[in-house]
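Student: Chains as they are written, first to last, in the working numbering: chain E, 1 to 439; chain G, 1 to 175; chain Z, 1 to 313.
Don't read these hints as lab results, they were simulated from the structure.
All residues carry an ideal CB built from backbone N, CA and C; glycine is no exception.
Some hints could be false.
[Stated by the list, open to error] Computed beta-carbon distance windows for the label pairs:
1. Z/Thr53 <-> G/Ser106: 37 to 47 Å
2. Z/Ala232 <-> E/Ala136: 52 to 62 Å
3. E/Val264 <-> Z/Gln14: 16 to 26 Å
4. Z/Glu209 <-> E/Ser283: 29 to 39 Å
[Stated by the list, open to error] Derived lysine to aspartate or glutamate pairs resembling DMTMM-like cross-links, with alpha carbons at most 25 Å apart:
5. Z/Lys64 <-> G/Asp72
6. Z/Lys87 <-> Z/Asp9
7. Z/Lys34 <-> G/Asp115
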Amino acid sequence: MTTRILGATLPDGTTADLAIDRGVFVDPAEAGSARRTIDAAGLLALPGLVDLHTHLREPGFEQSETVLTGTRAAAAGGYTAVFAMANTQPVQDTAGVVEQVQALGLRAGYATVRPIGAVTVGLRGERLAEIGAMAASRAAVTVFSDDGMCVHDPLLMRRALEYVKTFDGVVAQHAQDPRLTVDAQMNEGEVSARLGLAGWPAVAEESIIARDVLLAEHVGARLHVCHVSTAGAVEVIRWAKARGIRVTAEATPHHLLLTEDLVVGYDSRFKVNPPLRTAEDVSALRAGLADGTIDIVATDHAPHPAEAKECAWGEAANGMVGLESALSVVHAAMVETGLLGWADVARVMSRTPARIGGLRGYGRAFAVGAPAQLALYDPAAAAEFSLDSLHGRSTNSPYLGRTLPGRVRHVFHDGVPTVADGGLRPADEVAAARQEVVA
Amino acid sequence: MTRIVLQSADIGRALTRISHEILESNKGPDGLVLLGIPTRGATLARRIGALLSGIAGAAVPVGSLDVTMHRDDLHRNPTRAPQPTEIPAEGIDGRVVVLVDDVLFSGRSIRAALDALQDLGRPAAVRLAVLVDRGHRELPIRPDFVGKNLPSSREERVNVRLSEVDGGEDEVTIA
Amino acid sequence: MRHLLSTADLGRDQALTILDTAEDMASVSGREVKKLPTLRGRTVVNLFFEDSTRTRISFEVAAKRLSADVINFSAKGSSVSKGESLKDTAQTLQAMGADGVVIRHPASGAPHTLAHAGWIDAGVVNAGDGTHEHPTQALLDAFTIRRRLHGAAGRGRDLDGVSVTIVGDILHSRVARSNVWLLHLLGARVRLVAPATLLPVGIGDWPVEAGYDLDAAVAEGPDVLMMLRVQAERMHDAFFPGEREYSREWGLTDERLARLPATTMVMHPGPMNRGLEISAAAADSPASTVLDQVANGVSVRMSALYHLLAGEE
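Hey, can you work out the whole structure from these sequences and the hints?
Tutor: The structure is reproduced here in structure tokens:
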């Protein structure tokens, strides 16, 4: 009952056969008769991707996305695990809510869903949420974030960093000084000056990161910085790492590819928080990801219904969907530019995010006996990104109509195929196959 | 196939004749106002004005009347920038206004001009002088003073060139 | 010209054509029958998501003088939910067969979205969007300057070499943005004077000189001094300490008025805060073009509506 994968290219460039049986990788030489064989010549075998920053919107905003639709989008993009941000309704600030989200993920079966717990009650930035209870729950929360809101109060941030340390967790900070970004609509600079849109200055991000790394140093805690978007922020993090501060950082695919010039047409698909920045910022982010200052790529997949985007720029919601496009965008921004090799991509999109999030099973790629988390990617393909490429409930992608390289051909989550021959497998088949593996 | 129908000298003679006819019908220059329809009608009006002064020995007020805003075919054509309307200081109330245009065809420009005049005042009478009448009227309008009647088919193009506007020699051609 | 969204979209010839046609429209406004049949049968909707009685009336008069049917649609305060309102309203106007939409909206870019989102076929005129642009105001300002300088002989002429100093809240001013692009296009030299808090970050590539010192600007004797309105909320948001200091540093006081050459025009887009950005004497002085601006507004808007809506569909 084995799946054999023949002649896949590993991230290090070598070619190998792989075999999967009962949910785990097995030695292809010792594997039994194959139920299924995949000719993987020319396909790149990547460990299943891990997204540390996904908005699944359930409970509360099911018109935008659900755990099922969001994990389908994840699978289509080569992901086998996502960390679900806490800004749901009710907020993921209690053990009950995080357990519910995790259970929904298990039922869907397309990807492991690890809920992120809120740092403060209701994301209101006033008092700490029940971090211990969430850590001890069946959801075993390890990452805490008020993402969407910045933990702005310095004393509260200090306490959060310290308290989370108790449970070996990490605070993921959405770095945005709220006073410096009142009504902010886009990056502050030449384009905002022309368009008459209130500016979101880089310093509003950089000043919070600078404060937080110093706080983390002072209390000896870990800090994770969400969606770094400015050259200055990269500099601050580089300085902090050189100083030995335990900080990790993520960049989104869109901040690695897109620039603020796209706002000129007031197309709200390009409205995101933090905003698209300048070409210099994009270069600095790419260099930071290449030299390890930025540890990972995380999507900040943020679905919104059409009506939240079909309006004037100032009234439109912030956010872009990104799970389906992330690997292709990283391919275009980092691999085609020669800044990263595929082994680095495996590191920044799978191994390191798993490590930061305390997710086991992604340490050694394709190790015999490990749960089979695998994406087979055709780097030679290129296609126009279209509505057909999207599998979540929302279509607010900035890449529609743009040609992107590569295509995800097959994905296995815990040995269960979720994508086969480039197509997402139906929900009932995935759920049934998963039952089989678990049994 | 382009054919010259009036040469410079022909045009000069036609305008002189029109000037005499205007004076004759008006029994002198008193109360006359010439309003040319831009662009070439306005040029012709200035020429006729000069001829009238020479013949009658008294200046006849000359102005221009743009009809763009009054046309009924605006929606069928690309937007055109209107030309200036210049009404002589004497105004048009109680005067005999002679509208001057280069070519009379469907009559729609003249209809628009009559509408435009109505908004500007109440002349005692309105007359129409044209250099060329090529027929094919779509409205009950006829000229009082004509330089040349030119039978034409609808598809043909009548082209008037005047030295002040187009440079070179005056001429009227049909193609 | 399909839409009028930003003066940055205009070419020099287009801008001059609008100003020249406005001369013709001005002559219409001066006669007994102030009406042209030009837009008969066309429907112009004034879609105002923000109160502005004077701008709305100016557009209404302009459209009516061109014989258009005018519908005033005030969306402010209606129960339409935020976000969906622009699209829903646009589709309603489309169903009603609007040929032109004059839109005022608190969000920068809303007219652009209305024009380009595919909801509507009508031509769109931006009547002020957020802190972005107010193109017809800039056109009427340019028209006013040209008329003061050249009278009726201004037709066809640009503003080559004219020095214009714009004073006040540049950061939040749609009037300033539209004027910067248009006046530069027409050859004027533009200088901005404001406290540093009210100059946008990122104007390094604007075709202007920017500074903080109004007295220095007055000493240069500009041809035009354009005073911008100070919004009360700017004070509350601590862009400057208070009225007294603003008025002392950046207001056109009687003393500064006295130091200006007699030929300098004093402009203000209105409504004025007398005693704050402009003294009563300055507002009422012969140098003031405030009332000319109002009258010229109708002519310029007639011209803009004509060029947008008269031609073939």
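Student: Look at each hint and say if it fits the structure.
Tutor: Outcome of the hint check:
| no. | hint | in the structure |
| --- | --- | --- |
| 1 | Z/Thr53 <-> G/Ser106: 37 to 47 Å | holds (44 Å) |
| 2 | Z/Ala232 <-> E/Ala136: 52 to 62 Å | holds (53 Å) |
| 3 | E/Val264 <-> Z/Gln14: 16 to 26 Å | holds (20 Å) |
| 4 | Z/Glu209 <-> E/Ser283: 29 to 39 Å | holds (31 Å) |
| 5 | Z/Lys64 <-> G/Asp72 | holds (18 Å) |
| 6 | Z/Lys87 <-> Z/Asp9 | holds (24 Å) |
| 7 | Z/Lys34 <-> G/Asp115 | holds (13 Å) |
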